[in-house]
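Colleague: Mind assembling these two chains? They're in different frames, but the hints should get you there.
Line order of the protein sequences matches chains A and B. The opening position of the first sequence corresponds to residue 1 in my numbering, with each subsequent residue numbered one higher. The opening position of the second sequence corresponds to residue 1001 in my numbering, with each subsequent residue numbered one higher.
Hints are computed from structural coordinates only; laboratory data are not their basis. All figures in this text were calculated on a predicted structure; none of them were measured in a lab. One should not assume that every hint holds.
[Said to hold, decoys possible] In silico lysine to any residue, SDA-like type, Cα no more than 25 angstroms apart, as pairs:
hint: 1; chain 1: B; residue 1: Lys-1115; chain 2: B; residue 2: Met-1094
hint: 2; chain 1: A; residue 1: Lys-3; chain 2: B; residue 2: Lys-1086
hint: 3; chain 1: A; residue 1: Lys-94; chain 2: B; residue 2: Glu-1081
hint: 4; chain 1: B; residue 1: Lys-1074; chain 2: A; residue 2: Thr-37
hint: 5; chain 1: B; residue 1: Lys-1131; chain 2: A; residue 2: Asp-56
hint: 6; chain 1: B; residue 1: Lys-1074; chain 2: B; residue 2: Asp-1139
hint: 7; chain 1: B; residue 1: Lys-1086; chain 2: A; residue 2: Gln-54
hint: 8; chain 1: B; residue 1: Lys-1086; chain 2: A; residue 2: Ile-40
hint: 9; chain 1: A; residue 1: Lys-10; chain 2: B; residue 2: Lys-1031
hint: 10; chain 1: B; residue 1: Lys-1086; chain 2: A; residue 2: Val-60
hint: 11; chain 1: B; residue 1: Lys-1114; chain 2: B; residue 2: Pro-1097
hint: 12; chain 1: B; residue 1: Lys-1086; chain 2: A; residue 2: Leu-84
hint: 13; chain 1: A; residue 1: Lys-18; chain 2: A; residue 2: Lys-94
hint: 14; chain 1: B; residue 1: Lys-1530; chain 2: B; residue 2: Ser-1461
hint: 15; chain 1: A; residue 1: Lys-18; chain 2: B; residue 2: Ile-1119
hint: 16; chain 1: A; residue 1: Lys-115; chain 2: A; residue 2: Ala-88
hint: 17; chain 1: B; residue 1: Lys-1131; chain 2: A; residue 2: Arg-13
hint: 18; chain 1: A; residue 1: Lys-18; chain 2: B; residue 2: Asn-1040
hint: 19; chain 1: B; residue 1: Lys-1555; chain 2: B; residue 2: Gln-1585
hint: 20; chain 1: B; residue 1: Lys-1086; chain 2: A; residue 2: Thr-81
hint: 21; chain 1: B; residue 1: Lys-1187; chain 2: B; residue 2: Glu-1037
hint: 22; chain 1: B; residue 1: Lys-1039; chain 2: A; residue 2: Glu-24
hint: 23; chain 1: A; residue 1: Lys-11; chain 2: B; residue 2: Asp-1273
hint: 24; chain 1: A; residue 1: Lys-18; chain 2: B; residue 2: Lys-1187
hint: 25; chain 1: A; residue 1: Lys-11; chain 2: B; residue 2: Arg-1122
hint: 26; chain 1: B; residue 1: Lys-1031; chain 2: B; residue 2: Ile-1066
hint: 27; chain 1: B; residue 1: Lys-1421; chain 2: B; residue 2: Ala-1407
hint: 28; chain 1: B; residue 1: Lys-1115; chain 2: B; residue 2: Pro-1097
hint: 29; chain 1: B; residue 1: Lys-1031; chain 2: A; residue 2: Gly-69
[As the list claims (entries may be wrong)] To be clear about the criterion: a stretch of chain B counts as covered by chain A if any three or more of its residues have a C-beta under 8 angstroms from a C-beta of chain A, and this derived list gives those stretches:
hint: 30; stretch: 1251-1260
hint: 31; stretch: 1568-1576
Ideal Cβ placement from N, Cα and C applies to all residues, glycine included.
If you want the building blocks of each chain, they are given just below.
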Amino acid sequence: MPKLTLDDLKKMRESSRKNLSLREGNFRGKLIVHLGTCGIAAGARGIVDTFLEQFDEMEVSDIMFATTGCAGLCSEEPMITVELGDSAPVKYGKLTPEKAIKILEEHVLGGSIVKNLALGVGSERAG
Amino acid sequence: MAERKRIELMLCAGTGCVAGGAFQIMEALQKELAARELKNEVAVVPTGCNGFCGQGPLMVVLPDNIFYGWIALKDIPLLVEEHFLKGRPVKKLMFVPSEEKIPLPLLSDIPFFKKQMLIVLRNKGIIDPEKIEDYLARDGYIAIEKALTSMSPEEVIEEIKKSGLRGRGGAGFPTGMKWSIARQQEKVPKYLIANCDEGDPGAYMDRSVLESDPHSVIEGMSLAAFGIGVSDGFIYVRTEYPLAIERMQTAISLAREYGLLGTDILGTGFDFDVEIREGSGAFVCGEETSLIHSIEGDIPEPRQRPPFPAQQGLWGCPTVINNVETLANVPAIVARGSAWYSSIGTDTSKGTKIFSLVGKINNTGLIEVPMGITLREIVDEIGGGIPEGKAFKAVQTGGPSGGCIPASMLDSPIDYDSLQKAGSMMGSGGMIVLDEDTCVVDVSKFFIQFTNDESCGKCVSCRDGSDALLEVLTRISDGEGREGDIEFLEELGDAVKDSSMCGLGQTLPNPVLSTLRYFREEYEAHIKEKRCPALVCKNLIQYYIDPDLCVGCLKCLKTCPSGGIKGELKYVHFIDQADCTKCGQCFEVCPPKIAAVVKVTGDNFDRLEHLTEIVSCSDWKSSGHNGRNGKPAKTDAAEAV
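Isolated chain B (complex conformation) (with noise of 0.2 angstroms):
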C-alpha cells in the first residue's frame, strides 16, 4: 500500500463546522471512501478553521485547491463518485459569488481569500492541528532552534522590537517593549501568559488560532520565555472553548514528549514548560489584573496600575500577559527576520491583524489582512458586500469597548492609530457590519447590556454609569427619551471613561458616543419626533396590511401568535393594534410579490392616517372595509399563494 495520497481533504473542523456537523461528515467521507475502494488514494484531513465560517461545513480538496462549501451528508456520495474516483469536480458544492451567479471552483479565485495575507494563519487548512509532524514540515520550531542556537535572549527581544509588533488583545502596547521591561526586573521568578480569554461578542480569532495552529502559540511563548527569562507559562483559555483546550492539550503533551518544552530543550539547557489555566468566561478576566486574579485563585476584579505585572503580576512576581494572537506572530517575526515583517503595515502599525467579518455581511468569516487596508475592501471585496442589496450603513469594531465607523470612513486606512482617532478601537479585532436596516440605538443598547452584564462592580463609575447609561438608552429606543438626554449620555460617557479603573469602563462608553458622533440624527429623531428610522425599535414602530394589497391568504393571519389578526379567506386582514406584540411574523411570511403587511415609525408615513382609519373600525365584518366595501379581496390569488 502506497503511502503517499493523490488526494487529500482538508476538512475543516474549527467549531464552527463542527457545529454544523463536520464530524459527521467526516465520518460519512470516510466510510464512502471505504465502499468505493479509495482510503488508499484519499485522505481526509481535518484542519483547523479555514476561515470562510459562512461556507461551513466546508472542505478543500488538494492538490487541485477545489473549494467546496456547504457540505450535506446527502452529498458525499455524489462527490466521491463524481471527483474523487473519476475526476470530476461537482458544480452544486463550489462557491458562487452573490452577484455573478457562476461557480468558482478554485480557492484561489475566491475574493474572500485573494486580497488576505496570512502570517498568523500561515498553517489554517493546510496542517492537522493535532499531527505536530505536520507543523515541523512548515518550519515548525525553527525559530526558536534559531533563537537557542545563535541569538541572546537581548537579541530575540531586540529583534521584536525592531518588527514593530504591538499587542494584538486591543491597546497596541508594543510587544518588545514589555518584555524589555519584565526582562530588567530583578525579581525571580517570572511568569509568561498567553492571554486567550476572548469575551467580544462576535470575535473568535484567538479561539481558531489555538485550534487550527497551537504549535505556534507554543513556539511563540518559548520565544517570549527565553527572551525575558521565564520558564513557566499559562495559557489562559475560556471554558467556552472546549475544542480549543482540546486541541492545546494535545499540542502541549506532544511538545514535551518531543523535548520542545521541558527541561534542558533541545539539549540548550533551556527550561520552559507550558500549563493550561481555564477561566469561566467573564469578561472582566481579559483585563491582564483580574486575569492575574483568576489564576491565583481570587475573585477575577482588576487592581489600580501601576505597578504594572510586567513589574508586580503574577504572586507579585514581574509577569508578561500577550494575546494569543500576538505570540503567534512571533515565530514568524524571528524566524524571517524584523525587516520582513516590518516592511507590512502602516507606519506605526507593522503586519497583519485578524478580523472577525460578521453581520450584514455576505461573506462572514475570519480574515488575516494586511494593516492598512482600507474597510472598503474589506466589505466590498473579501466580504462581497451587504446582502439583498441593502445600504451600508457603519462597521462597529472592537466590540464592546470599541465604536461604530460610518460609511464616510470606509477609505481610510485600518490601524490602530487612524481607530481610535475615529472613536473606536483596534480591540481584539471584532468587525461587525451594520446595514441600514440597523438601529444605532439599539445597538448601542446592546453592548451597554453587555458590559452592565459583565462589570466587576468594583468601580462605581463603571458599575452605575453602566446602569444609568443603559436606563437612558432603554427610555429613548422606547420612545421615552427626553430633551437633554443626549447631552447627559455625552456627560456620564465621558465621566465612565475618565474615572474607571481598567480597561472595561475605561472603553464601555465607547459605542455609545461613538454613535452619538456619526449618528445623532438617529437619536435625535427617536427622541423628538417618536420615530426609529430603521424600523427597530418596538414601541415606535407598527405593522398594518395594506388593504390594496392583501389577498386575503390567511397566511399572516394562522402565523400570529397573539391571534391579533382578522380576516377570512379572500378578504382583506386587518391588524388590531391592541392585540399586537409587533414579532414582525406578519412580516416575515407575506409573500414577497403580494408584500401587503408593512412597517411603519412615528408620523413619516403617507398613508398612516388612511390605514388608521380603517384599523380602528372596531367590528370589522359589519363596518363594511373587508375587501373595498364588502367586496372579496381583489384577486382570486389568495388560492395561488
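Chain A extracted, bound-state conformation (with noise of 0.2 angstroms):
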C-alpha cells in the first residue's frame, strides 16, 4: 500500500466513516422487520436480506435498520414498521422484495406514506 497523502487520508477516513455509521448512533429513523416465526415462515428473512443490499446501494446510513419480534398480525406477515423522527409509526404487510424497495424509496427516503401498502398508523397503546 503506497503511502497517503493528505488527500488520500481525507478520503480514506469518508469512505471509513459508512462502514461506523451503526456505532455513531445518528439515525434520523428507523426501520424494522418483523422477525417473529410467522414472519420468518412468510418471508422475512427475504426481506431482510433486499434492505441490506438496498442500504449499500443506495448509501444510506442514517436509518437504523432493526428487527423484532411478531407484531400480532400474523396473517399480514412479511410487516415493517417504519418510524420516522416525531411522526407515527406507520406499519406495512404482505411485503415481496419489489414492494420494499418501492417503501424505501417513497417513504423511507422520500418522506412520503406508501398509501395503497400501507395496513395503518399507529402502534398499539402500551400497557
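Modeller: If you want it as C-alpha cells, here you go:
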C-alpha cells in the first residue's frame, strides 16, 4: 500500500465513516422488520436481505435497521414498521422485495407514505 | 452479499474479558450465526476494554445499544435465536442493579456508564483496535493533519499549555511546560517516551488505552514529537501486557504502512517513528530516570534530578517522558481546541481522569470521569455502592504511593491538589474501595510489603526504611505492638519521604501516614487492646461455635483442614483453639440461616468468657457440654442442612 497523502487520508476517513454508521448512532429514523416465527415462515428473511442490499446500494447511513418479533397480525406477514422522527409509526404488510424497495425509496428516503401498501398508522397503546 | 450489517456485536476483548473466555465466545457466536445463516447480517467486532469489567465477558449489541454481561457459552444459541434472529432481547443476560432487581436493557441507562465522560476512552468499545480504518472513521489522525498543515510546533505546545493538561502518571506536572523545556534544549537528537510501565496493584488504565485505542497514543506521540522536535519515540510497556503489546505492534505496522509513521509523513516533510521497548515489570521502572536506564540496557536504578530528563535524558539527550493516558488526551485537545478542554474540570486540574474502580464495590471496572467529581458520586452512583449492605470505610487512591481517604471526605471534589491535601495522591488512578471489614493496618502492611519488595535498594532510607516500617506494622498486626510504635511509624515515615531520591521512596510511607491520620484509633486498638476492630489480623481474632445456634450438621467439621473441629452429627461442635489455624473456612461454610460460627477479637465480645469455658473442656464428650448437658443439638435441622 503506497503512503497516504493528505488527500488520500481525507478520502479514507470519509469512506471508513460509512462502515461505522451503526456505531455512531445518529439516526433520523428506524426501519423494523418483524421477524417472528410467522414472519420468517412468510419470507421475512428475504425482506431483510433486500433492505441490507439496498442500504448498501443507496448508501443509506442515517436509518437504523432493526428487527423485532411478531406484531400480532400474522396473516399480514411479512411486515415492517417505519418510524421517522417524531411522526407516528407506519406498518406495511404482505411485503415482497419489490414492494420493500418502493417503500424504502418513497417513504423512508422520500418522506411520503406509500398509501396503497400501508396497513395503518400508529401502534397499540402500551400498558 | 450486502456489505452492510444490520447488527454489530461489540464484544469486549480486553484482557479481563479475554481471561473470562471472550475469544471462545466469539468463536461460538460465529459458529452459531453461521448455523442460523445470519453471517451476512450480523457482525462480531472485537473491541478494547469496555470498562465494566465486573460484568465480563460482555458485549454491546448495536444499533439497539443493548448491554449483555456475564455471557456464558451455553447462552449463545438462545441469544442468537431470540435476539439476533427474532429481535427479542434476552432479559436474563441484562445488567440488574443490586438495589432494584429489574434488568436494564440499554447501556445508556446503566448508572455505571451514565456519569462518565469519555475523552481518552472516546473510542473504547466502538472501534476494532486492530483496524486503522475504524480509528480514521472516528476523526482519527485529524489532529496531526491539522498540526502538520496549519500549525507551527510552538503553536501545538501553546495549545497544550493553554488546555491545562497535566501528567496523568501521578505527579501532575504540566505537560505543555515539559514539552517547552525540551524544545528549548539545543542538544540533538531529542527523544520521546510513552510510559506504559503501569505497576500499581489494581490499576490498568494505561493497558486499556493501548488495548482499546492504540492509534490515539501514536497520534498523541506524533503531535508531541512535532511540537518538541523529535524524530524517534519509544513506547515503554511491561512484558506482562502481551495483548497491549500485540495490538500496539499491529497499530505501529499499520501506521507505517499508511505513511502515518516514518519519513515525510503525509508528504509534509515531518519524520517520526516509534518502537516498543518491553520492561520486565520492576515497579521502579515507572520512575522516569530508572525507565531511561532500562531502555539504555543498564540496571534500572533512579538517579538524582536535576538535570531533569527534559534537559538530559536518554543517552544524555533531552527526553520527554509522558504517560500513555496523557498522550491519548493530546489528539482530542489539538482537534477540538484548548478552550473546550479547559472548560472541563476544576481550576487547577483540567479534563478527565481514568480510574480503575476496584475492591469492595458493586460495579468493578474502568471509569473516565471529569476532574472535580466527588468520591460519593463515584462510589454510590457509578460504583453502585458497597456489596452486601456493608458500610463504606475509605478509598485508597494512588496505589502504593497514595493514601486512604475516609468517609468524611466523600463530598470533596477530586483533583490533583485535593488528593494531595488529603495526604494521598492521584497516582496513575487506582481506586480501591475499602469497607468496614477491611483492616487499615493490614492494608498498610500490604502496600509496604509491595514497595519493600520493589525498592531498588539504592537509597538507605527507602531500602532499610521500608524494612523497618514493615517490621513494625507486622508486629502491630501480630498483636505484639508496643507503646511508641505509632510515633515511630510517623517519624520514620517522614524521614523516608524526606531523604529518598526518587518518587518510590518519597511516597511509599503515604499509605501508613494517611491511615494513621484518619484511623489512628484502629492502630491504638491493635497496640493497646490487642484487638483488630475489622476482624482481619489473624493473631488477634478467634473463631468460636455458638452452642445455642449450632445444629450439628458436620459441615464445618468436614471442611476444617486442620481437624480442629470436634463433634458428631446432631451434637454441638466446638473448635479446639490449639488446632485452629484461623483459616476462616468454618465461618464461610456455616449456612447463613444458622450462623453459629462467630469471629471475635480482643475482649469486646460479651459471650467470650462463657464460650471459652465450654471450649476449654479437654474431653468434649465426657464433659457433657455437647448439646447442653448431653442432649443432642436443639433441632433436627442438621438433616435439612
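Colleague: Hint by hint, note whether the structure agrees.
Modeller: Outcome of the hint check:
no. : hint                     : result
1   : B:Lys-1115 to B:Met-1094 : 19 angstroms, holds
2   : A:Lys-3 to B:Lys-1086    : 45 angstroms, violated
3   : A:Lys-94 to B:Glu-1081   : 23 angstroms, holds
4   : B:Lys-1074 to A:Thr-37   : 22 angstroms, holds
5   : B:Lys-1131 to A:Asp-56   : 21 angstroms, holds
6   : B:Lys-1074 to B:Asp-1139 : 38 angstroms, violated
7   : B:Lys-1086 to A:Gln-54   : 21 angstroms, holds
8   : B:Lys-1086 to A:Ile-40   : 9 angstroms, holds
9   : A:Lys-10 to B:Lys-1031   : 37 angstroms, violated
10  : B:Lys-1086 to A:Val-60   : 23 angstroms, holds
11  : B:Lys-1114 to B:Pro-1097 : 13 angstroms, holds
12  : B:Lys-1086 to A:Leu-84   : 22 angstroms, holds
13  : A:Lys-18 to A:Lys-94     : 31 angstroms, violated
14  : B:Lys-1530 to B:Ser-1461 : 30 angstroms, violated
15  : A:Lys-18 to B:Ile-1119   : 22 angstroms, holds
16  : A:Lys-115 to A:Ala-88    : 14 angstroms, holds
17  : B:Lys-1131 to A:Arg-13   : 12 angstroms, holds
18  : A:Lys-18 to B:Asn-1040   : 17 angstroms, holds
19  : B:Lys-1555 to B:Gln-1585 : 10 angstroms, holds
20  : B:Lys-1086 to A:Thr-81   : 15 angstroms, holds
21  : B:Lys-1187 to B:Glu-1037 : 63 angstroms, violated
22  : B:Lys-1039 to A:Glu-24   : 22 angstroms, holds
23  : A:Lys-11 to B:Asp-1273   : 24 angstroms, holds
24  : A:Lys-18 to B:Lys-1187   : 46 angstroms, violated
25  : A:Lys-11 to B:Arg-1122   : 22 angstroms, holds
26  : B:Lys-1031 to B:Ile-1066 : 21 angstroms, holds
27  : B:Lys-1421 to B:Ala-1407 : 15 angstroms, holds
28  : B:Lys-1115 to B:Pro-1097 : 15 angstroms, holds
29  : B:Lys-1031 to A:Gly-69   : 23 angstroms, holds
30  : 1251-1260                : holds (count 4)
31  : 1568-1576                : violated (count 0)
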